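Quick mapping for you: the protein sequence lines, in order, are chains R and W.
Going by the numbering used here, the first sequence opens with residue 1, and the numbers climb by one from there.
Going by the numbering used here, the second sequence opens with residue 1, and the numbers climb by one from there.
Every clue listed holds true.
Pairwise CB distance ranges, derived in the manner of DEER restraints: (1) R:Leu199 <-> W:Arg283: 18 to 26 angstroms; (2) W:Glu106 <-> R:Val346: 32 to 40 angstroms; (3) R:Thr245 <-> W:Arg283: 22 to 30 angstroms; (4) W:Ser353 <-> R:Glu349: 28 to 36 angstroms; (5) R:Ser353 <-> W:Leu284: 19 to 27 angstroms; (6) W:Ala78 <-> R:Lys38: 13 to 21 angstroms; (7) R:Val136 <-> W:Ala78: 16 to 24 angstroms; (8) R:Leu50 <-> W:Thr26: 28 to 36 angstroms; (9) R:Arg262 <-> W:Arg283: 22 to 30 angstroms; (10) R:Ser153 <-> W:Lys123: 42 to 50 angstroms; (11) R:Ser153 <-> W:Glu65: 27 to 35 angstroms; (12) R:Ala61 <-> W:Arg109: 42 to 50 angstroms.
Calculated from the structure, these hints are not laboratory results.
Since the structure is predicted, the reported quantities are computational estimates derived from the model, not experimental observations.
Every residue, glycine too, gets a C-beta built ideally from N, C-alpha and C.
2 protein chains.
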Amino acid sequence: MTARRIERPAADIAQDKANAKSGGATINDIARLAGVSKKTVSRVINRSPLVQVQTRERVEALIREVGYVPDPMARGLAFRKSFLIGMVYDNPNAQYIVNMQGGALESLRGSGFELVVHPCDSKSDDYIAGVRHFVVQQRLHGVILVPRVSEDSALVDMLNEVGVRYARIAAVSLDQPRRMIATNDRLGAIEAANYLESLGHRRIGLITGPQRYLSARERGGGFIAALAKRGIELAPEYVIEGGYTFESGVAGAERLLALPERPTAIFALNDEMAAGVYKAAHRLGLSLPEQLSIVGFDDSPLATRLWPSLTSVRLPIWDMGLHAAAMLLSPEESPREGPLIAPHLVVRESCSSPGRV
Amino acid sequence: MTARRIERPAADIAQDKANAKSGGATINDIARLAGVSKKTVSRVINRSPLVQVQTRERVEALIREVGYVPDPMARGLAFRKSFLIGMVYDNPNAQYIVNMQGGALESLRGSGFELVVHPCDSKSDDYIAGVRHFVVQQRLHGVILVPRVSEDSALVDMLNEVGVRYARIAAVSLDQPRRMIATNDRLGAIEAANYLESLGHRRIGLITGPQRYLSARERGGGFIAALAKRGIELAPEYVIEGGYTFESGVAGAERLLALPERPTAIFALNDEMAAGVYKAAHRLGLSLPEQLSIVGFDDSPLATRLWPSLTSVRLPIWDMGLHAAAMLLSPEESPREGPLIAPHLVVRESCSSPGRV
DNA sequence: CTGAAAGCGCTTACAG
DNA sequence: CTGAAAGCGCTTACAG
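Could you build the full structure based on these sequences and the hints that come with them?
Here it is, written out as structure tokens:
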């Protein structure tokens, strides 16, 4: 309490506080109660260093006591920028999306920012216009781009043009480090390859994803390279392009399992397709894992529900969302490097050594 | 064009328009261009009937031409209410959440409203305070309450206290019709009961959900009542309380399948638990569906991934989200009745007549 | 049916 | 380190 503050009857102040607490206080209430200008309260809110420690503490105490929270719309209007982070995705994997939302929200908690979701159809040719309208109208503070839209350079060009910050999540770095979360899918595929090789598999089938997906190229490329390094070449007929869907997994497995020399193991580049491999194997009456080892990618809820439970590569999706949001919250000037994200193989019951029958 | 408008050189106006188009026009730009006051533009935006048809059309044409979109933060500040709809949930089923978000967003499309998500932990005792902070700080226009938080009357009391609109989604109506989407889970369970009875099953096991869940009581109650109506009484040992989790499905099925007189069919009140039944059955070497018929509830993605594919009750989740959002957008005065939501059984390969072995 | 003034709750730009 | 004035882009309340 400085002596210079104008003294008011204690009863008046108490009444003021009561009023402020009951019905959403404003910056003016705090200013009056603290005996400072609203600009000073504003400085405290925005963590400006240009406030005396004593003043700051008094104002902060009052803010806490009254339970004052600045109105994001008023702040947003003055800043010309909202306190909203957008999440833009066309990924059909629900668990992936929910985990990513959860991770992002963990970062935003307590920051005054909220998450607004924007699923879209990247195959429609006006989806970029849709995203543009979304980010411009809402004056988003930033957007998180989830694969596969994160790989679309036309989308990113638009965001740069309208001047909206973004954090891109993709299998490898495609942009400045401060705007990227690289998920290093390749490492996970390498681990899968080494695991199957170490179990003794030599005739291995691979069901890839659509080659226009970066993740499919990285996972597939990593797997093939890692096997090659250990002296195993995958003949072309053992590599089948799938569509990241259950049905394409069934179809791919049926082709692989009809080969004269049947593979003893199949790596599917996502769990959906791996589930399709189970179906094809069951239809043929193969016993798992004795007659066929299977590895998936995603470690989706499916993995533990299938029987036998599926060995799969896990991506730390929650953390990816968390880091992406944190990147958007950090000040523009402090270029925050993307964190190191590393997938790892979760071993369950779907693999064994070949010829154990 | 009225004669009273002040005439300006065409070149000036063209320049004005160009400026307005390039960098986010404001209500003032439109007013100047249209030769009216900004209040009139405001009336057009807000669909006030107090505007001459001619004036309205001129202003609307200009708005379209310039691509003007009102700033939601400025509108929100003046209205003391944001253009944000919240979605509050503690449901662990990712597909459920993503579908509901999708349905809600379909309603919001083009309305200027956006969806902000708020997962929470209804077991933590301060989650209501968290939701309160969320809705009050953001001045949400309304919130969609998803089961099971939708069943929490303490949460609803808080929302009424702070005066935030909500739409509750629950198995049966718990509130005024204009605030409820009743999903009639009971009907789906009845259909499952009738289906199993019609196949000839007489010794049937039931794995329920936690009894504190309304959905579990409705589904279980409907199933038991429908069977009773057809002359089948479920002995107590054939009814097991599960926890809506995969593991509890495994455990429940193990108990049921260890009964001296094994059930020929099991109804699990969600697909997670049904997947657990598969696992227990596989472990015992039972062939499906010959030795055991299984029905689930949710029609989750799991249903088609399991082998044999699972017959399950489908709830139109997308539509539930769509109607909930539409309910929140419709004017407060026009009490919009909740729509009739009806679940239905999706028959796949997991059931057969008993004793077909 | 239309508009000028004041205000929503904040911040920026400028002074001191 | 602090504050008074003006402004962000809308709407409400009041006149006419």
